[in-house]
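Protein chains in written order, with our numbering: chain A, 1 to 798; chain B, 1 to 162.
Among the hints, erroneous ones may be present.
Here chain A is said to cover these stretches of chain B; the calculated rule only asks that three of the stretch's residues, wherever they fall, bring their Cβ under 8 angstroms from a Cβ of chain A [said to hold, decoys possible]:
1) 45-51
2) 88-99
3) 131-145
Not close to chain A: a few residues of chain B, all C-beta gaps over 12 angstroms, as computed [what the hints assert, rightly or not]:
4) 15
5) 59
6) 66
7) 71
8) 75
9) 78
10) 81
11) 117
12) 123
13) 151
14) 156
15) 158
16) 159
Interface residues of chain B toward chain A, partial, derived using beta-carbon atoms under 10 angstroms [unchecked claim]:
17) 32
18) 37
19) 40
20) 106
21) 108
Bear in mind the hints are in silico, worked out from the structure with no lab data behind them.
No residue lacks a Cβ here, since even glycine has one placed at the ideal position from N, Cα and C.
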Amino acid sequence: MTGKLVGQPIRRVEDPRLLTGHGRYLDDLGFDAAEVAVVRSPYAHARILDIDVSAALDVPGLLAIYTYEDLPGPLAEPLPLLIPHPALTHGRTQYALARDEVNYAGEAVVLVVAENRYLAEDAADRIAVEYEPLPPVVGVAAARAAERLVHQDVPGNVAARLAQEVGDAAAAIAAAPHRLRLDLSVERSASMPLEGRGVLARWDADANRLRLWTSTQTSTGVRAAVATKLGLEPGQVEVITPDVGGGFGVKIVHPWPEEVLVPFAARNLNRAVKFTEDRREHFISAAHERGQLQQIEVGFDDDGQILGLDVRFWHDNGAYIPYGLIVPIITSTQLLGPYKVANYRVVFDSLYTNTVIVTPYRGAGRPQGVYAMERTMDAIAAELGLDRAGVRAVNFIQPEEMPYDHGLIFQDGRPLVYDSGDYPALLAKLKALVDWDGWLEYQAAARAQGRRVGLGIACYVEGTGVGPYEGGHVLIDTSGRVKVATGLTSQGQGHQTAFAQIVADELGVPLADVEVTTGDTRRFPYAVGTFASRAAVMSGSAIALAARAAKAKILRVAAEALEADEGDLEIVAGQVQVKGAPATGIGLGTVAVLANPLRYAFDEASKAATQFAVGDPDAAPVPEDDEPGLEGRDYYSPIRSTFAAGMHAVVVETDPDTAEIRVLRYCVVHDCGTLINPMIVEGQVHGGVAQGVGGALYERMAYDSDGQLQNASFMDFLMPYVSEVPAGIEIDHLQTPSPLNPLGVKGAGEAGVIPSAAVFASAISDAEGFPITAMPISPSELFELRRRAAPPTEGDRS
Amino acid sequence: MSEQSIEITLTVNDIPHRLTVPVRRLLSDCLRHDLHLTGTHVGCEHGVCGACTVLVDGRPMRSCLLLAVSVDGSAITTVEGLAGPDGALSPVQRAFAECHALQCGFCTPGFLTTITAGLADNPDPSPDQARELIGGNLCRCTGYQNIVAAVLRAAELRREQA
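Here chain A stands alone, though its shape is the one from the complex (with noise of 0.2 angstroms):
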């Protein structure tokens, strides 16, 4: 492989559609649609004691409405536990409506179906919903304590207890000459996509089949999802992801409540029917992450050496439990990072409460592991009065040491063997890039001034590409064209760009040659999904194992046709030649003709190939073991996922009257192996810091004590503009190739988010010389630490 464009920021082929106003997001779709309104619970916990619906009878435009009641066969079943696990021993699903008991302030109680948004709205507003409230439980502490339960037949609001050890964690920490033990905790954060959910069905009567438009990050999940609740066949449903404005995990989730449910009142209706979520069902009925409390103990040697670490923690998984143990048991596992533990011990608890559902966002339980592994390092370091970046440095794996398997099971079953990676040349470049060694210098000249400086550093690393499969298919038109296809979804990643740079170099044509279609089941029905920054490691590498297969098609068919050996031949823009010798060409297309003979003419190209015009009269048009058309498909399935990493630094100010938290600089290096697209790689990272900002220092769910959310809109919940993010983000790259996948890249989506919290709280730590245990922080909670710090004495201010 050449490698012309692989590697290159080639500009996206995305853009000019979105930004002329062309792009189709859900919404734009099915101008005649019917819509829908859901009734939520008010109560965070309650009994559903009556619903009379009278009232709204007489609104003008009303179509339907549903109730549980209503719900026929598998869809009055509970929602699908989508990933099972042995740990997981009372795993409880939401239902599609819910069934004489809400368990959030938000789960969907009753659907409205009306000719437009406005009026299923005022039909909802007159459905009347009488409720016992029950006693709710709000937050991990809560539950933990267990005084009262979310689930009645779920003790101690426990879902799942896990534990894994290697080696000997206490006895390594017993015999420890030094040990401490830390007290953290994480809140709630949530994905927060531009759009939000969004789901259009269209029931065809007389071909008995359903074709549904979702704003998904799994067209395939949402197919099967949607074909069992329906009672429909797999073959009866296709599904379709149009543009996706932002998922970041939330949209990984399925079936949501709407999406079983806008496909059966279309079918019941006879009509397209379509659910557009607002702002405000997002925050109480989509899906949060990240709150968890943790406690830590660890031992280790004057070298600041890891000797045994013992971690116990409480992930709060909400009310339910669809996405299982995924987060905790990234958490668990890749708190590791790049440091070697010989002696482990994990103990996890997925707990219940009464609030929105706990499943991936961006990071994926990551940011809450690296930010226990990286306080506990900073703690080592100030305890035994070492460099951080030094202490870090004794613990981590060696190159040489790779792969290097930690004797833990990952989230996808298989060991925690990491791929490759180079911690140490990692390492050197972050101090280099945020000159480490002259920090102390800085900031003491800055502290000699009356300013308060802090430096932080955090290190990951992040299982990507995670199995268990995704394929490709490479199909050459007759025009010369090539149409790629890959079922997993596209949510901004520019996909159609980076998969388009490596088929054009596998093939050898131009990229506008190539068209690539994502998250269409009618295209590619097998596939699992885009998370856990898998896109470029899996689709990528079965584009590109399937457009080799099309390319020795290509080369077998001009062989012939050109008389040639096909070891002879290249393909150069479009063209297939004798090496060398442009003038022998043919293009693409003509191959594409000759590979398909054909009885039937409809145009000039197609004359070209017809029986009487192609092919030795004494063989068979199609030889055996070979298949007309010029097309290659291919699935790529790798033992394990493969391992990326990476190193923030922060420098912050901290405002010594208002405890402001201003960024002065923010420094990535970053290792995902082959860089693709690094112009669209550097936007992720960017992306990914800012949401890291934003989780660090500004984002939370407010819940009060009834299990309300406070801060149900972006007046509230405050996710950052362009005032809250670094006006520079310093990169830098390592690239170590993988050698798991074909072109050797490793995921990048999620890096820029994962070390946030940890590397923040690394910094105000160091501005203001007392440890910060909990995340994120506010400048009052900031001035409250101070005011704890040092209780002021007589003649301070006030």
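Following the hints, put chain B in place on chain A, whose structure we already have.
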């Protein structure tokens, strides 16, 4: 319970439309669902995210906070109206493509309209002014770095075009 409707005239991207709309119809819904101009996006429905920003008589306004009847007689420019009559991308649109200032593209139309109006007011913004110019729009994908760069690049392209 029948809704009161009013006849209004909106000139959208230089094309006049006569419409009968319910008085409660939001301008954003009118553009999207009545005129099928779906480039204007709705991200929060309460004027915070800026995705729905359109130009009303040249000024950026949040179409999710306006009733369609309240802008009767106005000239409105949506993202569909930013490119030239020949389809050539405007300087702001070109700058966004050059600088990779969009990812999912959902918030982008609101940035494009806001920046178009902002550069008309201040054709040569400093980096700080560029940040200020986009300070009321939310983007969840890009971290804003490349959007700020695109504002500055768009200003250059405008000057070259002038």
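To see whether the hints hold, each was checked on the structure:
1. 45-51: holds (count 5)
2. 88-99: holds (count 5)
3. 131-145: holds (count 13)
4. 15: 14 angstroms, holds
5. 59: For residue 59(B), whose nearest Cβ neighbour in chain A is about 19 angstroms away, the distance exceeds 12 angstroms, so it holds.
6. 66: 16 angstroms, holds
7. 71: 18 angstroms, holds
8. 75: 17 angstroms, holds
9. 78: Since the minimum Cβ distance to chain A is about 6 angstroms, residue 78(B) lies within 12 angstroms and the statement is violated.
10. 81: Violated, since 8 angstroms does not exceed 12 angstroms.
11. 117: Non-interface label on residue 117(B) holds, nearest chain A Cβ at 16 angstroms vs cutoff 12 angstroms.
12. 123: 20 angstroms, holds
13. 151: For residue 151(B), whose nearest Cβ neighbour in chain A is about 10 angstroms away, the distance does not exceed 12 angstroms, so it is violated.
14. 156: Non-interface label stands for residue 156(B): nearest chain A Cβ at 17 angstroms, farther than 12 angstroms.
15. 158: 16 angstroms, holds
16. 159: Label holds. Min Cβ-Cβ 20 angstroms, cutoff 12 angstroms.
17. 32: 7 angstroms, holds
18. 37: It holds, given that the least Cβ distance between residue 37(B) and chain A is near 7 angstroms, below 10 angstroms.
19. 40: 7 angstroms, holds
20. 106: With Cβ-Cβ at 3 angstroms, under 10 angstroms, it holds.
21. 108: With a minimum Cβ separation of about 6 angstroms from chain A (threshold 10 angstroms), the hint on residue 108(B) holds.
Checked against the numbered hints given earlier, the structure breaks hints 9, 10 and 13 and satisfies all the rest.
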